[in-house]
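Engineer: Assemble the complex: chain A is given as a structure, and chains B, C, D, E and F with the ligands must be docked to it using the hints.
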Amino acid sequence: MAQKPTISRTFIMGLWEENPVFRLLLGMCPTLAVTAAVKPALTMGLCVIFVMICSNIVVSLMRNLLKPHLRILMFTLTIATFVTIADLFLKAFVPVMSETLGPYVPLIIVNCIIICRAEACASKNGLVISVVDAIGMGVGFTATICVLAAIREILSTGNIFDIPVMFKSFVPWAAMAMPVGAFITLGLMLGLVNIITKEKEKNKNSHSCSVEGSE
Amino acid sequence: MTVADIIQLWNSAWPAGVTMLTLGSAFAIVLLIASEKLKVEIDPKIEQIHEALPQIDCGACGFAGCGSYAKAVAADPELIGKCAPGGAETSDKIAEILSLQASAGGHPQKPIIHCRAHTADRTYYARYGGIETCTAANALANVQACKFGCLGYGDCVDACKFDALHNIDGLATVDYEKCTGCTACAKACPRNLIEMVPFSHENMMTVACSSKENGKTTRQMCKVGCIACSLCTKKSELFTMADNIAKMDYEKFQPSDQTEEAYTKCPTCVIVYRGKSAPAPRQKEKKPAPAKA
Amino acid sequence: MLENIAVSSSPHISKPLSTRTVMLDVIIALVPAMIAAVIFFRLYAVTILLTCIVTAVITELICNHIRKKPNSLGDLSAILTAILLALSLPPAIPLWAVIIGTAFAIAIGKMVFGGLGANVFNPAMVGRAFLTASFGMLMTTWTVPATINPEMPTITESVKSTDIRTQATPLAKSKEALKGKINASVANNLIKDAFTGQIGGCLGETSTIALLIGAAYLLIRKTITIHIPLAVLISAFIFAGVAYLINPDAYISPLTHLTTGGMLLCAFFIATDPVTAPLTTKGMWIFGIGVGAIVMLIRIIGEYPEGIMYAILLMNAVTPLIDRLCRVIPVGGIPNAKS
Amino acid sequence: MLKVKHFIEQSWLLIVASFIFGLLVAVTYASWKPRIDQNEKDKLNNLMRFMITDANSFEIAVRDAEINTGKGKILKTNIYKALYTDGRTLGYAFVAVGSGFADKIKLVIATDIHCEKVFGFKVLASNETPGFGSKITEDFYTNQFKGAPATELIVSKTGDPEIIDDKIITISGATVSSEAVVKIFNTFIAQIKQKLEEQGLI
Amino acid sequence: MTANAKGQFTFPGGVHPPDSKTLTEDSPIQIAPVPKQVAIMLSQHIGAPCSPTVQKGDEVQAGQVVGNADAFVCAPVHSPVNGKVKEIALRSHVVLGRVQAVIIDVDLENNPPKKINPEKYTNGFDFDAISPLQIRDTVRNAGLVGMGGAGFPTRVKLEPNEQSPKKIMIVNACECEPYITCDYRMMLENPEQIIAGVKLAKKASESPRVIIAIEDNKPKAIQMMARKLRELHGTENIEIAAVKTKYPQGGERQLITSVLNQYVPTGGIPPMIGILVLNTATTAAIAEAVIADWPLTHRVVTISGEGVSNPGNYYCSIGTSIAEVLEFAGGTNSEAVRIISGGPMMGIAIADLDTPITKTSGAITVLTKQQIGKAKFANQQTPCIRCGRCLEICPEQLNPTKIAHAVKHELLDTAQTYFMTACIECGCCSYVCPANIELTGYIKTGKILLARQKKKMPQ
Amino acid sequence: MDTFNTLLLGFISIVLINNLVFTKFLGICPYLGVSGRIDMAFGMGMAVTFVVTLSGTLTWLIDYFLLQDSPLEVTRYVCFILVIAGTVQLVEMYVRKFFPPLYESFGIFLPLITTNCAILGLCLFINLWEIDNFLEAVVLSFGAGIGFTMAICIMAGIRENLKLADVPDCLKGAPITLITAGLLTLAFMGFAGMIK
Ligand SMILES: Cc1cc2nc3c(=O)[nH]c(=O)nc-3n(C[C@H](O)[C@H](O)[C@H](O)COP(=O)(O)O)c2cc1C
Ligand SMILES: Cc1cc2nc3c(=O)[nH]c(=O)nc-3n(C[C@H](O)[C@H](O)[C@H](O)COP(=O)(O)O)c2cc1C
Ligand SMILES: Cc1cc2nc3c(=O)[nH]c(=O)nc-3n(C[C@H](O)[C@H](O)[C@H](O)COP(=O)(O)O)c2cc1C
Ligand SMILES: Cc1cc2nc3c(=O)[nH]c(=O)nc-3n(C[C@H](O)[C@H](O)[C@H](O)CO)c2cc1C
Ligand code: SF4
Ligand code: SF4
Ligand code: SF4
Ligand code: SF4
Ligand code: FES
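Chains as they are written, first to last, in the numbering used here: chain A, 1 to 215; chain B, 1 to 293; chain C, 1 to 339; chain D, 1 to 202; chain E, 1 to 459; chain F, 1 to 196.
In isolation and in its complexed conformation, chain A is listed as follows (with noise of 0.2 Å):
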């Protein structure tokens, strides 16, 4: 189990095995709450890729000078700095997306993951891994709550990227709009990962012999 980490593994890692969302069941408020539809989803995702790019070079950086009383106040600033960053930059550049988003983009700072991965990969790893690592993460944390946005913002509006894709007299669901629908989703997206895993589990052990054989 504990061997070395490599940079397409650590990458992997992130996108499946330790989903932040799915295994880890980390950051789940702006999970729920900017997946009404794909676009906030989107850029909160680009968001907290870049927050934990930036935060896990600088915790890699830093870390084998911190001390152990102020280790948590340095990631918290460390995050909090970068997320200062990308709501400005939304600000100015992307306003619209700044406004859906509102409070949710500068909880990005006590978002579990990002402290999670400072803590557990960059404060233990080197800059390559650590950048690998966040990369991982957060394609995988995007991914995910893409997915679920993308859900929700078909059954409730009928709609993608504000482009009709269902049939014309398709009503949509508002309740995928409101809190229900998110947590409903999210729920039944568990199970059906939980079950996806399952099988994959048994797959393994049935071919355990050849996979251990190959390597």
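Calculated from the structure, these hints are not laboratory results. Since we're looking at a predicted model, the values are computed, not measured. Even for Gly, the Cβ is constructed at its ideal location relative to N, Cα and C. Take these hints with a grain of salt, some might be off.
Straight-line distance between alpha carbons at most 27 Å, and here's what the computed DSSO-like set of lysine-lysine pairs gives [what the hints assert, rightly or not]:
#1 F:Lys-172 x B:Lys-161
#2 B:Lys-161 x C:Lys-68
#3 B:Lys-212 x E:Lys-455
#4 B:Lys-178 x A:Lys-200
#5 C:Lys-179 x D:Lys-106
#6 B:Lys-178 x F:Lys-172
#7 B:Lys-45 x F:Lys-97
#8 D:Lys-146 x D:Lys-76
Simulated restraints on C-beta separations [as the list claims (entries may be wrong)]:
#9 B:Lys-265 x E:Ile-31: 53 to 63 Å
#10 C:Gly-241 x A:Phe-161: 50 to 60 Å
#11 B:Ser-256 x C:Lys-69: 47 to 57 Å
Pulled from the structure, derived: some chain C residues nowhere near chain B, Cβ distances all over 12 Å [unchecked claim]:
#12 Ile-5
#13 Leu-178
#14 Arg-221
#15 Arg-327
Structural biologist: Chains B, C, D, E and F with the ligands in isolation, oriented as in the chain A frame:
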């Protein structure tokens, strides 16, 4: 960018820098003092575990932060593996820290089930139609003639968190590859069939029966039970007889000709090997067929 | 030797009662309400009831199949849920919405929690709440009953056109009265119509008399106890009564409150759903009072004309806490901590 | 002195980092500030231009006009004046706030130069239920205001929304929100008119 | 007819199962033939088990002690027959599993069946001549244990306690279990013996007052007992109370509530509030021990149920195997699917018919599939619909469904927060549950698990 | 009287109608993580209430007197989070040292709160709602905590019951909790629009 621009930038930027500097230093001072003045001693083991955890206090484990989880795990190792962010690596580390203790003899304790009868080997008086747990079945009068043998409803199987126990034809069977020796199964069996034994060898010899009935009754109740014939005690001094049942001295166990002879001579084949690569139990040679005809 | 002898734990005899008979009793008690629905809403009632039942059955079959569980239709609870959902839907709702609502009620309201007995929220109300949240418009269109509207439109017409003859329900009138647009007595005058059911509203809620017949049957058969209905009605009556005493022009009379909207259906058939109501008598009283209070709160202060559904769901949510609070005390009292 | 040294040893990283990060943030802000301010201005301007299509620029006509929203609450809002390329005033616009179904609704309302006819309204911010109150942004509803008289408007549940008069037909299923918009409108329009009169602008 | 007891004659909760007593209530007690072999269990009571006092091959006489122990909470066991000890071996016990028993081959030649001799108890025994201590010693030496089911040594129960002096003794003649009529028949046929026993028990326990509680569906027994009481004793200090017919009226905690309107504390026992409860059969045995000077070697057993050919009440030797006892009643018929030691509500299903009857076996009930019910027989449980019926009828006012589900999910702590150990295992909850859940079974399992957990705790 | 009314309505509103968990999706991580048992949930709720009241008030003060309409506004997020993280850490250490029993009952939840967005979220929302009255800020912060406590306790009650239910394996744990939370938000829609 001209120098003037830079100066202007600096002019508008320094107040923010200073504000944060002040705030940062203030917290640095306060937290430094606090961390030194308000230090609380904790159990080194808990501290170690805490170190091993990601320390992001996310609550995914269901506890109030890493500290609480560390404390809980230290008290109850069965909680290992609840830290999602830490993943398998962390779980392994915690397991290492808690290093599930080995037995006095330095050998790992592994469970042995003192019964070897499958459903077909046993005598039943009736059909059991109640709650399907061993504890419930054991509380009812003897459906299964042998009151000592495995009931096969798998209380131990449920107790094992490592998928190391399976019910095979009415007999709980340990998968020694997976077993961690956590003793959960031994605690769960209502018939106290499961004994934690120091495995000085990969495969241990044992008398797989618990019946305290006399030989005649045992024979009526079970095709493979120990009939207290004392043959093994005569072959090897590792075996002793008490309460109508032979017992092996595991501490002294060393495979030898004597033990091998006891193994091969046991008329009901109740002496068996248990362990990772144990051979399948001996089967009674069928009497030559003509006897019946 | 005794192969046909079976052994299990005591007791060895049991009352001739099963989940199925309990559910069947409730279905029988709902027959008058269903008949009333058919009389007043004709084909609407028939198609909605059938659609609900068929969808519920199919959904439950699919869920059981996915979980590889034995077929659980035999306990009739899915059918009962379907009937209650159907009875709490407006007549003009299109059938595709009925299907979505019923499927949601059974799948999300019940099966994901583990099926009968495990659900936290009343499945029928979950289905209705989802429909209300999704298709608010469709859920607030009240068709005029056939008895006073001889040219009742057919189903196909209604789905297409929005100009079915609709009618403000007494509760809509009540809301208008609250805003000072009309006098509350206008709504109070509808009480006679509400008794028979000649009035706009959900399929099963309009006829007070049909519901009371069913309620009497349930009480006589001891399928339900009187605690919850009584608590709901008393607490609603008190709240409504106080408001009425303060200003009878703005607040409709307590009796109108009790006989209109889903109040009776709720008190006798929905709040009494054993699965989602507290276990203890004391708990049932608290539950009932809570339901009554929230209904009146929403009807009088809130923005919606009716609050039955939300009241039920909210009290369902706190039912575990109520159960915890009203833990039964053994006859011998609570033993000392020491022993 | 030893203590100071100890402190510096322990905390220099945090102190340095906070200073640097502070600078970083401030520099970013300083360099993007013009854009951000412009964006904010643009948003309002765009909304206003949407209603007063010919307008070239906007400027504040009355700063911090005090509006009584009932129950003794005073709200301050700016009244903007829409200017044509030649400097002619085309109309007035202002931000109005009031409570909707769930939360506050913020509108931008535009009127003609005499404050007699409404050019329309746009929703600046609202938190109404999706699928219900959120429909107040839809044309069906907003179009009724285009050209409506700038007097007390009346809400009605029935009628033809195509006819432009002082009767506003509610959105069915969202009566409360529809009424709320009209109420905000009614609260503000009279007082705005009065303010403009006080300033001698009309 | 009824006494001036201050109770309501009922208790909260309870059920009304069909009582099915007509099968045996009119059949007089018959003397069972002598069995070929008896197995005298060395554990027939709560407390320390006996150790055998005889060895393989010993000749034993009827009434001879074959097992004894020194412990205070213990009662000796006696041979009911003349014969020879065959061996000391394991035999199935209804609840304890395999326990040591003295197996005696009966000497069939000189073994007349033991009779009940009512006349002994009518002609003037001098109750004043015997001291309480003497009675108690006799009771112990006769091996008396409670015959109502629990099997607690009677001597210990009778012992006066300084801390809580006995105020009232209740004679439990309710017999609330369906099918069982052994106590009823005793009251009709040998009221003198019971009354003599009651008087002795009253004296031995130094209780100032006695109430004989009989369910009001047994008017004949009430009349008989009242008449005999008047004839033999007069009514002062000994009263008869007709309590409501409801299961489990005979549970001692319920009976105390019924008769006296008092509640035994949860987890406590009746002596804590100064009350002693004795079963009628126990009192009869006291009379036999003291007046006829004969130990407890025989008892009346109701053999009933739709699955036996000749239901009736039989006076059997303790130690007879159930198979043989059933033979007395003509054996089981083809529809028999469950053989129960005890009644259908609390009795325990038997698989091994070699199980001998003990001092506490008051009945053997044989049920057919029809009585059990198809769903119950097939163990078809549906999920709990939280209908609350089990809470409503639980005579101890517990929350059976919560306890049972907690046990099912192995949450013993949770179960304990609902007072699992206060359950008297009466079976009412399982009886009423529409979902057919074996609530009582789960609760029993939970108690076992808890006991085991406690035992393992210290290590 | 009028201010009292505003405060009361504000309080009820943030507890029932604009509940942080149900309408603003804040504090979901602990809501999913620590709602397994009622006592734990209550402890968490209390801890959140304490911290949110404290930091809501503190950040309001900082915001109102220092940051608003000044060039320092840009450091708002950093200041807020520093205040929250620092305060929480301090309070935790303090309580742990001097009130061990209190620490056992709710202090253990404190570290979990730094990364709980309910706290920062509330501070930001107070800023967004343009609250300009000190008392209102305090009451809203406190109400937010109470609302969170209520939500998490209800959830814990439900989950304790679900422990005894036969939830499909793939939905056990977080998924069923999320679905339940969804249905809860549906129920809480009943309060919508009740207070303006
Ligand atoms: C069981 C039941 C529950 C109901 N719950 C609600 C509810 O929560 N909200 C609602 O608006 N209508 C609910 N209704 C519908 C109302 O009873 C009633 O038909 C309707 O609200 C009155 O129409 P109006 O909205 O035009 O006044 C329910 C109906 C039934 C039968
Ligand atoms: C879930 C839900 C959300 C609602 N949201 C709004 C809303 O945002 N705005 C609104 O005006 N009405 C909303 N309503 C409807 C109101 O409760 C009210 O019934 C409606 O305004 C009455 O209008 P009607 O008479 O046209 O049906 C909502 C209703 C429901 C059930
Ligand atoms: C549910 C239940 C029902 C009982 N029913 C009777 C009964 O009908 N008759 C009886 O004598 N004892 C019955 N008992 C046993 C009594 O509680 C009590 O143990 C007995 O009367 C004590 O007398 P003993 O020591 O002489 O047996 C019952 C116990 C329980 C738990
Ligand atoms: C008295 C009674 C009332 C019931 N009410 C409802 C109800 O309102 N909604 C519902 O879905 N099921 C109801 N049921 C059926 C059943 O309890 C329901 O399907 C379960 O909630 C599903 O787990 C009721 C059952 C009974 C016995
Ligand atoms: S070993 Fe024990 S617990 Fe396991 S199945 Fe056998 S009897 Fe049951
Ligand atoms: S419960 Fe523990 S000791 Fe028993 S088989 Fe499983 S891992 Fe081994
Ligand atoms: S819980 Fe125990 S006491 Fe209560 S009814 Fe069930 S078996 Fe009887
Ligand atoms: S009687 Fe059965 S179904 Fe009813 S609450 Fe009790 S256990 Fe559940
Ligand atoms: S992301 Fe909100 S609490 Fe974790």
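Engineer: Now tell me if each hint is right for this structure.
Structural biologist: Against the structure, the hints:
no.	hint	in the structure
1	F:Lys-172 x B:Lys-161	holds, 17 Å
2	B:Lys-161 x C:Lys-68	holds, 24 Å
3	B:Lys-212 x E:Lys-455	holds, 23 Å
4	B:Lys-178 x A:Lys-200	holds, 20 Å
5	C:Lys-179 x D:Lys-106	holds, 24 Å
6	B:Lys-178 x F:Lys-172	holds, 25 Å
7	B:Lys-45 x F:Lys-97	holds, 20 Å
8	D:Lys-146 x D:Lys-76	holds, 25 Å
9	B:Lys-265 x E:Ile-31: 53 to 63 Å	holds, 54 Å
10	C:Gly-241 x A:Phe-161: 50 to 60 Å	holds, 55 Å
11	B:Ser-256 x C:Lys-69: 47 to 57 Å	holds, 54 Å
12	Ile-5	violated, 4 Å
13	Leu-178	holds, 45 Å
14	Arg-221	holds, 31 Å
15	Arg-327	holds, 24 Å
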